[in-house]
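Between the sequences and the hints, there should be enough to build the whole structure, so can you do that?
Counting from 1, one number per residue, gives the positions in the sequence shown under the UniProt record's numbering.
None of these hints come from the bench; they were simulated from the model.
Incorrect hints may have been included.
No farther apart than 30 Å at their CA atoms in a straight line, the calculated lysine-lysine pairs in the DSBU-like style are these [as the list claims (entries may be wrong)]:
hint	residue 1	residue 2
1	LYS78	LYS53
2	LYS79	LYS53
3	LYS197	LYS78
4	LYS212	LYS261
5	LYS270	LYS197
6	LYS212	LYS197
7	LYS81	LYS197
8	LYS24	LYS197
9	LYS197	LYS219
10	LYS53	LYS81
11	LYS197	LYS261
12	LYS79	LYS270
13	LYS212	LYS53
14	LYS53	LYS270
15	LYS270	LYS219
16	LYS261	LYS24
17	LYS79	LYS219
18	LYS53	LYS24
19	LYS81	LYS270
Derived CB-CB ranges, DEER-like [as the list claims (entries may be wrong)]:
hint	residue 1	residue 2	range
20	GLU206	ALA57	29 to 35 Å
21	ARG144	ARG114	42 to 48 Å
22	SER54	GLU161	38 to 44 Å
23	LEU129	TYR187	29 to 35 Å
24	TYR159	GLU214	40 to 46 Å
25	TYR187	PRO27	22 to 28 Å
26	ALA91	SER54	15 to 21 Å
27	ALA198	GLU161	34 to 40 Å
28	GLU165	LYS79	33 to 39 Å
29	ALA93	ASP128	41 to 47 Å
Everything numeric in this text was worked out from a predicted model, so none of it was measured.
Don't be surprised by glycine CBs; every beta carbon is placed ideally from N, CA and C.
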Amino acid sequence: MATYLVGDLQGCYDELRSLLDRVKFDPASDHLYLVGDLVARGDKSLDCLRLVKSLGAAAQTVLGNHDLHLIATALGIKKVKACDRVEGIFAAADFEALIDWLRRQPLLVYNRQRNFVMTHAGISPDWDLSCALACAAEVENVLRGDDYHELLRAMYQNYPERWNENLSGFERLRYIINVFTRMRFCYRDHRLDFACKAPPEQAPPELLPWFKLENPLYKQLNIVFGHWASLVDTPTPENIYALDTGCVWNNRLTMLRWEDKRYFVQPALKDYRWA
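What follows is the structure in structure tokens.
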């Protein structure tokens with residue numbers, strides 16, 4: 001029995017299948033965790049959704065920003081981005097079932113037995129574990145309810161920039177979504193920045209990667225995340241696992257076997273010229 005964690009798929013189905021075959025993944029005994037963004041710019045987003053859904057209890061994903069955007073486009077709230085290749089999802093006979101399944105996925109997974117938390121982008125520098133779990137549950141409860149459409153309409157903003165426990169309504173929920181699905185850099189006073197997507201060494205000096213800020217949680221727990229493809233080959237603290245290695249940017253898909261911390265990589269199997 002093994003636990004595997006894999007970086008952003010973004011429609012890179014063939015690379016995922018290659019890794020699963022290489023490790024002889026057995027859904028009867030193994031477990032697969034995915035850091036979100038199952039869909040978007042690769043050419044097999046539909047296959048990625050169907051595969052993860054079909055694995056049932058053997059797989060667990062969290063929601064990424066591209067996953068949430070797909071749900072919003074399914075509702076007609078936003079249009080499909082020109083660089084996204086998700087047309088097949090909208091034409092699929094199981095389209096509604098896939099979207100309904102996707103919106104019921106969590107923002108944060110805490111595996112107490114394996115001692116890790118997993119989210120798409122990270123955890124706010126102002127949160128401890130109990131606060132992060134509670135905040136994730138707030139959004140998850142809305143997304144799984146009947147009135148989730150309004151939240152998706154309200155999530156497309158960059159504010160508030162800083163956590164305040166007195167935040168309420170859509171501003172509170174939006175901050176939570178932005179942290180879990182969009183965060184990369186923060187200012188030293190913990191305000192979020194959404195403009196910079198560069199590697200840390202190329203960032204303005206006033207910005208730091210979220211995991212370099214002072215938060216005891218960052219040293220107490222193993223944190224697994226994706227979202228930040230330009231972090232590829234950038235060292236992180238030993239308990240911080242950045243798994244997005246930019247397969248859809250013609251780099252590679254990365255899988256981590258948790259028990260022995262062994263990495264398995266699959267270079268992109270095609271030229272993803274999605275732009």
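The hints, checked one at a time:
no., hint, verdict
1, LYS78 <-> LYS53, "holds, 24 Å"
2, LYS79 <-> LYS53, "holds, 24 Å"
3, LYS197 <-> LYS78, "holds, 23 Å"
4, LYS212 <-> LYS261, "holds, 22 Å"
5, LYS270 <-> LYS197, "holds, 24 Å"
6, LYS212 <-> LYS197, "holds, 16 Å"
7, LYS81 <-> LYS197, "holds, 19 Å"
8, LYS24 <-> LYS197, "violated, 35 Å"
9, LYS197 <-> LYS219, "holds, 24 Å"
10, LYS53 <-> LYS81, "holds, 24 Å"
11, LYS197 <-> LYS261, "holds, 27 Å"
12, LYS79 <-> LYS270, "holds, 27 Å"
13, LYS212 <-> LYS53, "violated, 34 Å"
14, LYS53 <-> LYS270, "holds, 24 Å"
15, LYS270 <-> LYS219, "violated, 38 Å"
16, LYS261 <-> LYS24, "holds, 17 Å"
17, LYS79 <-> LYS219, "violated, 40 Å"
18, LYS53 <-> LYS24, "holds, 19 Å"
19, LYS81 <-> LYS270, "holds, 21 Å"
20, GLU206 <-> ALA57: 29 to 35 Å, "violated, 44 Å"
21, ARG144 <-> ARG114: 42 to 48 Å, "violated, 25 Å"
22, SER54 <-> GLU161: 38 to 44 Å, "holds, 40 Å"
23, LEU129 <-> TYR187: 29 to 35 Å, "violated, 23 Å"
24, TYR159 <-> GLU214: 40 to 46 Å, "violated, 23 Å"
25, TYR187 <-> PRO27: 22 to 28 Å, "violated, 43 Å"
26, ALA91 <-> SER54: 15 to 21 Å, "holds, 19 Å"
27, ALA198 <-> GLU161: 34 to 40 Å, "violated, 19 Å"
28, GLU165 <-> LYS79: 33 to 39 Å, "holds, 35 Å"
29, ALA93 <-> ASP128: 41 to 47 Å, "holds, 44 Å"
Of the hints listed earlier, those the structure fails to meet are numbers 8, 13, 15, 17, 20, 21, 23, 24, 25, 27, in rising order.
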